[in-house]
Amino acid sequence: MFSSLSLHTIIHVAVALLFPPLLLGVINRVKAVFGGRRGQPLLQAYYDLWKLMHKDSVISQTTTWVFLFGPVVSLATGILVALIIPLGHASAPLAFAGDVILAVYLLGLGRFFTMGAALDTGSAFEGMGSAREATFACLAEPVLFIGLLVLAKLTGSFSMIDVLGDGVAEAWSGATVALLLVLVSWFVVLLVENSRIPFDDPNTHLELTMIHEVMVLDHSGPALGMILYGASLKLFVFAALLVRLTGLAATGNPLADWGIFLTGTIVVACLVGVVESAMARFRLPTIPAALVGAGVVAFFGFLLVMIEL
Amino acid sequence: MMLLLIILVPTVLSGLAMVVPWNQWRPLLIPLAATLHLGLVITTLSGGETSAFDRWLAIDPLNRVFLLAISCIYLLCALYAPGYLWARANRSNRVLCGCVLLFLGVTSLVCLSHHLGLMWVAMETTTLVTAPCIYFNHNARALEATWKYLLIGSVGIALALLGSFFLAYAMIQAGSESTLLFDELVEHSHKISHPWLHAAFILLVVGYGTKMGLAPMHTWKPDAYGEAPGMIGALLAGVLTSVAFLCVLRFFHIAHIAHEDRFAQRILVFFGLLSMGTAAVFMARQKDIKRCLAYSSVEHMGMLAFGIGLGGMAVGGSLLHVFHNGICKVALFLAAGNIHRAYGSKSTDEVTGVIRRLPISGVVLLAGFFAITGSPLFGPFVSEFQILNGAFEAGKPALGLCFLLFLLLVFFGMGNTLVNCAFGPLPEEGTTTQFSDRFSVVFPLLLAIGLTVLLGVWTPEPLPAWITDAQQFLQRSPAE
Amino acid sequence: MTNELILVSGIGAILSGIPAAVLPARFRIGQALSALVLVFANAVGGYAVFQRLIQGPQAAVTFPSPIAGARLIVDMDGLSAFFLVPVLLVTAAASVFGLEYWKSSEHPQSFRRVPLFFGIMSGAMTLLVVAQDGLLFLAAWETMAVSALILVAAEDHIAETRRAAWLYIAASHFATLCAFGVFTILRSMTGSWEFGVIENAHGPLAAIMAALAFFGFGTKAGIMPMHVWLPSAHSQAPSHVSAIMSGVMIKMGIYGIVRVSTFFPDIPLAWGGIVLGLGTVSAILGVAFAIGQHDIKRLLAYHSVENIGIIVMGLGLALIGRATHQPAWIVLGIGGGMLHVWNHALFKSLLFLGAGSVIHTMGTRNMEVMGGLAKRMPWTANCFLIGAVAICGLPPLNGFVSEILIYTGLFRVLQDTPQGPVQAAALAAPGLAVVGALAAACFIKVVGVVFLGAPRSDRAATAHEAGRAMVGPMLVLVLCCVAIGLLPAACVPLLDTMVTSWTVGADGIPSVGTEFYLTPITIMAGLLIALCLAGCLALRWRGIADAPRGLTWDCGYAAPSPRMQYTSSSFAEMLVKLFRWALQPVVHAPSIRELFPQRARFESHVNDTVLEKAVMPAVRGGLWLVRWGRYFQNGSLQAYLLYILAIIVFLFLWQ
Amino acid sequence: MMTALLEPCMVIAVLLNFYILSVSRLKMLIVVVAIQGVILGLMYPIVHQGFAPTAEAGLDLIPLVRLLALTIAIIAIKGSLIPVMLNRAVLLADIRSTVTSVIGFVPSLLIGGVGAAIVFVFAQQLPVSPDHHSPLLIPTSLTTVLTGFLILVTRREALAQVLGYIVMENGIFIFGLLLIEAVPILVELGVVLDLFVGVFVMGIIVHHVSRAFPEASTEHLASLKEL
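If you read the sequences in order, they're chains A, B, C and D.
Counting from 1, one number per residue, gives the positions in the first sequence under our numbering.
Counting from 1, one number per residue, gives the positions in the second sequence under our numbering.
Counting from 1, one number per residue, gives the positions in the third sequence under our numbering.
Counting from 1, one number per residue, gives the positions in the fourth sequence under our numbering.
By construction, these hints were calculated from the structure, which means they are not laboratory data.
Even for Gly, the Cβ is constructed at its ideal location relative to N, Cα and C.
Just so you know, not all the hints are guaranteed correct.
Distance condition first, Cα-Cα at most 30 Å in a straight line; then the derived DSSO-like pairs of lysine-lysine [stated by the list, open to error]:
hint	chain 1	residue 1	chain 2	residue 2
1	B	Lys-287	C	Lys-613
2	C	Lys-613	C	Lys-577
3	A	Lys-55	A	Lys-31
4	B	Lys-287	D	Lys-225
5	C	Lys-375	C	Lys-103
6	A	Lys-51	A	Lys-31
7	A	Lys-55	C	Lys-375
DEER-style ranges, computed between Cβ atoms [claimed, not checked]:
hint	chain 1	residue 1	chain 2	residue 2	range
8	C	Tyr-631	D	Phe-122	29 to 35 Å
9	D	Leu-5	B	Ile-42	40 to 46 Å
10	D	Ser-22	C	Trp-654	50 to 56 Å
11	B	Ile-42	D	Val-114	54 to 60 Å
12	D	Thr-98	B	Glu-429	50 to 56 Å
13	D	Ser-24	C	Tyr-631	25 to 31 Å
14	C	Gly-191	B	Ala-465	18 to 24 Å
15	B	Gly-395	D	Val-114	42 to 48 Å
16	A	Leu-206	C	Arg-601	25 to 31 Å
17	B	Asp-349	C	Ile-592	39 to 45 Å
18	C	Pro-64	B	Thr-50	40 to 46 Å
19	C	Ala-424	A	Val-177	16 to 22 Å
20	B	Trp-22	D	Thr-98	44 to 50 Å
So, partial list: chain C residues that the calculated Cβ filter (under 10 Å) puts toward chain D [claimed, not checked]:
hint	residue
21	Arg-542
22	Leu-625
23	Gly-629
24	Tyr-631
25	Phe-632
26	Asn-634
27	Gly-635
28	Ser-636
29	Leu-637
30	Ala-639
31	Ile-644
32	Leu-645
The shape of chain A in the complex, shown without the other chains (with noise of 0.2 Å):
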């Protein structure tokens, strides 16, 4: 089930470790070019990665050990997922049968320390927000498996490594609506996943409006660099399954397929920031109901799969 420590492996490895922080400065970049802006740097969220890493901390009176473990399992489910998928190659490090789920629930296992991190501050702003992301995680967790299933049911497996491997870009020619009804529908996830306009903005200013960014107000010092580091993992790696969906990172060509899988991600990272540039963030009330579409959506792409073969 593992392969083997190959010249894949490693780079699989030092991307997925590396990588993600780029993503972060790519949109922040694409908004400021959208604002008018020169922007930060691309690199700015290693700096602050840095940064936080060497800072102190300060931590609320009520918080028990939940609070600090919150950051640490958001980061160490992200690091596994991010080695669970394939990225630019038809491999990865940990894949086998039914990686799949565990994808899925390790990312649910962050989200449920990370909600019991905010509620462990006492602060009812913290605890609206965790109670936001349970709601809308509800709504999105189904769209990603509605997708699984669409891309489980055209490669006849339902390991990462097949499910977003070479057989993706052989079925794109046959269940071309289908898997673009997925597309439309992940990139939807990826946003709401992710904390982004039109679902979040993790730039407002107002706790009341927060989602994401509410939950981790209490955090300082190397748990909000976890945070961080966690948050931009867990961008990539949506970003690699929306490119890996694609199906154009397979090539044949190994090297070729490493760089339109980067470049692919920094596309991905340009349209959230085209995005986030071009919408306004939705009321609250609409947020489930763009969820719930975006799960009909998919639903109708597995419904043309199913209808077609």
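With chain A's structure known, arrange chains B, C and D on it following the hints.
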């Protein structure tokens, strides 16, 4: 001689009870008579004489079962009598004791008689001897109950007489000698006149069914059971209804020999389901514990009729159910009697927390409730389950499902009454009487519920063999 | 020998309550002795299960039955052995918990009858799963059901408890009577009540039997529309009783369904579909109802509905597999579902025990007045948290293992069938995903509101940790949860025995371990734990232990109070609204009309929709009909005599 | 010869039934029922005579004794003991002297008439043995039973219901005339004795009832009910 003794011993003791002047010692005659009776019954059944008076009295496989059943059930009630009557020392128990003792004599006579006329006379006498017992409390409600019991019972039994006459006439019609002797009827009934047999059977089932308490002739039951002392309720529900059932079985037997099974079975199933349904309706939201038990008795009489109507293994179930229902009803009625004494009420409005106020009676009530509703591990389950299985075995799953449905509805109704009064807070101080769970009034309950449990896990010999015999006796092919 | 041993174990358990019931209350020696006997009896049972695993099938033990010609059979087959594990483990743990939770000094009314019937119920469940004939099964079944009634009604002076007890026994008796029907039909088809494959199981009778089994046993199990009794009974019973009711007793309903499904040689596809469908509905709506609850035990009870739903989904998948002859689906479905039986037994009883120790110190089940208990009762809090993670099906704990098996099976449906309506079964997978997410939302709510944050009441501020007898059993259960989560492969032998016994005589049934390779789960769990440890060490290395403590960031408010924390209802509000169509929440909101409004109160609660909107109206309608019927007994003697006349006339006309 | 007497007796019995249905005075009712009883008692030897002494067998003594004893017993009980007892009850308990009907006298009479007609038609359907009895016997018997039932169902007063019961028994007794050889004397005596004791006990209860309730109509006895 033994057969005569079975009838005479209680009758003589009844006469004795009427002359014994001591209110305190008189009740002891009841358990004495019951013990002697059981002894005599056992001696007789284990190989004594089988017939007397030209087969006017006889023991056959059918009434053997019933004789044993009524003797056992009566003994359980009898053991309770002294304790209960001592608790009611302010009231003369002369008439009650006399009647209760005579009751044993005449029910034995009903059991043993092989002559339809004699059976009828004895049956009518049971109505007369139980009426004063129901009136024991001497209040307006008891009076009303007695009046209704007496009149409905008499009318019913009068119809049974007409039915008996019809039956005898049916024999004349068939060209054979007119007779009311059971053995002769059975012997010749294959050539009986069918229209008259039909009419006779209907009247007989309605008539003796009135004594059994099948719906819609059951209307006296809630009143009589509700107002009579618990012990009398137990006797009526355990003994009287059983012998009435025996009478119905006698005629079913004749109908069977006359190849009228389908007709007879249809009627019995009809009455069975109607009784169970009626009981279910009236048990819902029933506030009166004793009336609730009375409807339960209606339900179980329905079960008996239903089981016979189904044929096959259900017949055995029905016969066994006579024991199980009777013993369990004794436990329930005696417990209800204790509760009535202790609370001065039998309404669920006042009766709550019985398991605290009367720990033993309360537990027996609860256990008896589960037993009578057919919970496994209790006797009634064994028989009810056989009746149910009989329905499916006979290829009538719809009837079986109806049976289950009624069991469920009855459970709901009865449980809502009994479970709710078993649990709950203790009533306020001063609202209840001084009565408490003394040994003399609880050991018969414990005995009865213990027997119920015992019968639920083990059917002692020779009961299974006797039941099988009785079943074969009932179902033996008319050609033989 | 194993069958005799398990019989001894069951009977020992049944008798175990006697010391507590008869010995003097003062030194609690009776209770301790009872718990000891029960633990010992269950240990004997455990040894028997182990022996069965090693030695294979043994000769059955038979007894004469009260019904002539039938016999009672005790034989531990694979299915029995599998279900015995949670029965033995959880009842033993809960009985030790009860030592301290249900002290004679605190419960003078019921301290005798609770251990007595606790033992009876435990033993009855042991005997239930080893019974191989309808009569013994029914006897054990009813003993269990009635003992549970006594246990639920332990605090019968409370009116609500009595109502719950009554609702419970009414539903339970419905289940019992359905079981009557099932075994009766079994006998009418095979000629005896003994369990075994019915050769000619076709026609309407077989369908009736299957329906009775599913809806009857499903009522006991608490599958969605039949779950009405479950929330109130679980919340009103003493917590250690809730633990065995939810952890084990409702599994007996599942056992019933599973056992009866072995009687049928062929399963129609529709049965599997219905089972899977109702399982999914049960799982989703169960957790949705759970989210709306403020009563911690009611909430846990609804999670039982959810988890039963998951188990039933697995079963449904396996039935579909049997209908379409797909061994992989069978193995994954039944394997996952039954492993979830174990898992749910472990973590749900753990959670109920945890809730019990919270209730013991708080004196209430209302979560809205709790908060911050993790500081005051860390052992309970941590155990509860682990249970919460496990019940959400999150890695690296046991809930995940069973769910991934079911997921895999559902995915296999897509993979193994090229087309056809069977594929729709795969849609249960996203359903399961919704369930997982909702469960996570619900449990983070419970953990957050009860254990995290600041105390919302004085009682919560002065709460104390539970004693050793209460924490110990919880730790045992935690250990089991973790063990299955980390080493699921260890369960494979028993799972395989169970699957073999379920698929009587079928060829080509692979091992669970080959259908789903479990070792990666162990590795991934190890990696996850290692990474988390590393993260924690990193934080410690960065000096987090000495970090200064400050106030929570209060967003600029001057006087924050613990009452301002997000409560359980506020946390759930959005989700409750999403499921408004099913939950029908009742909201008592103040209407503000003046400029300076008076003190106002906002309250919302979620009642059981099925009970309030379907069952109660039906009961009321029935009673309305009955009232009409009662006019017949109107006290008039003339009327009564008229009935007699009428029935004679009717019969003469009819015949 | 004897059967010639039988038919008028039966016609009288049927006509008495109608009269019973229309009588409203309690004392009169008691008297009429008693008369009916006496007529039945007289019918007994008539029927018996009709077939018992056949030419070959000659006059057997034992049946004769039996015949006489029973006739006397029946007439004594039905014709004098019971009416006297009921009259005593009326006097002692100070019972209102009129009978009321739930549905009115005319309707009950009508129902009685229609019922009698139906019964006569119904009796035609039943196979009757071609023996020496009057063909009227069975319909008369059933009509009387029906009349008794009608009284039981429609009359409010407890005592009237007792009388209804007696009328019903009379009807059954008429049917019993068909079965003289089947019913042994012991049983016959038992039946009559039971009737007597039954009515006696009922009388006692009526007495108690009228003490407990000022007007002894059974409508006052309707406190035990579901509702």
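How the hints compare with the structure:
1. B:Lys-287 x C:Lys-613: holds (26 Å)
2. C:Lys-613 x C:Lys-577: holds (18 Å)
3. A:Lys-55 x A:Lys-31: Distance of about 28 Å is within 30 Å: holds.
4. B:Lys-287 x D:Lys-225: holds (12 Å)
5. C:Lys-375 x C:Lys-103: Holds, at about 25 Å.
6. A:Lys-51 x A:Lys-31: holds (23 Å)
7. A:Lys-55 x C:Lys-375: The hint holds at about 27 Å.
8. C:Tyr-631 x D:Phe-122: 29 to 35 Å: holds (31 Å)
9. D:Leu-5 x B:Ile-42: 40 to 46 Å: violated (56 Å)
10. D:Ser-22 x C:Trp-654: 50 to 56 Å: Hint violated: Cβ distance 32 Å, outside 50 to 56 Å.
11. B:Ile-42 x D:Val-114: 54 to 60 Å: holds (56 Å)
12. D:Thr-98 x B:Glu-429: 50 to 56 Å: holds (52 Å)
13. D:Ser-24 x C:Tyr-631: 25 to 31 Å: holds (29 Å)
14. C:Gly-191 x B:Ala-465: 18 to 24 Å: Holds, since C:Gly-191 and B:Ala-465 (Cβ atoms, about 21 Å apart) stay within the stated range.
15. B:Gly-395 x D:Val-114: 42 to 48 Å: About 43 Å separates the Cβ atoms of B:Gly-395 and D:Val-114, which means 42 to 48 Å holds.
16. A:Leu-206 x C:Arg-601: 25 to 31 Å: Distance hint for A:Leu-206, C:Arg-601 holds at roughly 28 Å.
17. B:Asp-349 x C:Ile-592: 39 to 45 Å: Holds, at about 44 Å.
18. C:Pro-64 x B:Thr-50: 40 to 46 Å: violated (30 Å)
19. C:Ala-424 x A:Val-177: 16 to 22 Å: Given range 16 to 22 Å: holds, Cβ gap about 20 Å.
20. B:Trp-22 x D:Thr-98: 44 to 50 Å: holds (47 Å)
21. Arg-542: Given a least distance of 80 Å, the restraint on C:Arg-542 is violated.
22. Leu-625: violated (14 Å)
23. Gly-629: holds (9 Å)
24. Tyr-631: OK, holds: C:Tyr-631 within 10 Å of chain D, min 7 Å.
25. Phe-632: C:Phe-632 check passes; min Cβ-Cβ to chain D is 8 Å, inside 10 Å.
26. Asn-634: holds (5 Å)
27. Gly-635: holds (3 Å)
28. Ser-636: holds (5 Å)
29. Leu-637: Constraint on C:Leu-637 satisfied, holds at 5 Å.
30. Ala-639: Holds. Min distance 8 Å.
31. Ile-644: Nearest chain D Cβ about 8 Å off; hint holds.
32. Leu-645: holds (5 Å)
Consistency note: the structure conflicts with the earlier hints numbered 9, 10, 18, 21, 22.
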